[in-house]
Amino acid sequence: AQSVTQLDSQVPVFEEAPVELRCNYSSSVSVYLFWYVQYPNQGLQLLLKYLSGSTLVKGINGFEAEFNKSQTSFHLRKPSVHISDTAEYFCAVSGSSNYKLTFGKGTLLTVNP
Amino acid sequence: NAGVTQTPKFQVLKTGQSMTLQCAQDMNHNSMYWYRQDPGMGLRLIYYSASEGTTDKGEVPNGYNVSRLNKREFSLRLESAAPSQTSVYFCASSEGGKAYGYTFGSGTRLTVV
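For the record, the sequence lines run as chains A and U.
Sequence positions in the first sequence follow the numbering used here and run 97 to 209.
Sequence positions in the second sequence follow the numbering used here and run 3 to 115.
Note that these hints are calculated values from the structure, not bench results.
All clues stand as given, with none of them false.
25 Å max Cα-Cα, derived BS3-like pairs, lysine-lysine:
| no. | chain 1 | residue 1 | chain 2 | residue 2 |
| --- | --- | --- | --- | --- |
| 1 | U | Lys59 | U | Lys11 |
| 2 | A | Lys201 | U | Lys11 |
| 3 | U | Lys11 | U | Lys73 |
| 4 | U | Lys73 | U | Lys59 |
| 5 | A | Lys201 | U | Lys59 |
| 6 | A | Lys201 | A | Lys145 |
To be clear about the criterion: a stretch of chain A counts as covered by chain U if any three or more of its residues have a C-beta under 8 Å from a C-beta of chain U, and this derived list gives those stretches:
| no. | segment |
| --- | --- |
| 7 | 137-145 |
| 8 | 199-206 |
Where a beta carbon is used, it is the ideal one built from N, C-alpha and C, also for glycine.
Full structure from sequences and hints, please.
Here it is in structure tokens:
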């Protein structure tokens with residue numbers, strides 16, 4: 097079984113500042129890792145995913161994440177945020193041999209002018 | 003647009019009433035899932051269907067039933083609604099039975115009074 101811990105429930109930042117949303121996972125097997133974004137009153141949209149290969153993964157809207165196996169982390173970063181990045185972000189993990197995604201509890205990113 | 007369609011978008015039920023949430027996908031995906039989202043809890047898996055003709059319990063199946071009607075459709079039924087089932091319900095699908103990322107519907111906001 098796998099689990100995900102998102103270390104911050106809320107992250108407020110100012111526009112054009114850098115941001116890092118932290119995610120740690122636990123699993124006894126190889127994993128796939130994902131970040132999803134949910135804008136207010138909408139469904140979830142895939143930002144990026146790590147399946148294998150390069151540990152630095154680039155996604156949509158200028159976001160990137162780095163897979164760190166030794167620290168069991170998959171932190172999401174953006175060098176300069178915009179007001180439109182205000183949303184809830186979910187980290188998720190699945191084992192490489194199963195179908196199910198396990199989600200973290202989410203981090204609410206609020207970008208202030 | 004191709005994707006996952008959920009109906010209805012909003013519903014208010016009285017305690018003890020029953021209803022079925024509908025979900026259909028047009029991407030020829032094998033696997034389909036039902037999640038519920040509650041504040042501060044992230045998304046929790048209710049039931050999933052790895053392929054047509056199979057269904058399995060997720061993390062929080064009590065009080066729910068599902069039917070994989072065909073490859074496209076996966077419904078969620080509440081036989082006797084309870085206030086604890088007030089939530090936002092998301093249907094998702096994925097290709098190839100692997101968690102290469104899900105496509106989510108826009109959600110059903112259910113209130114049980």
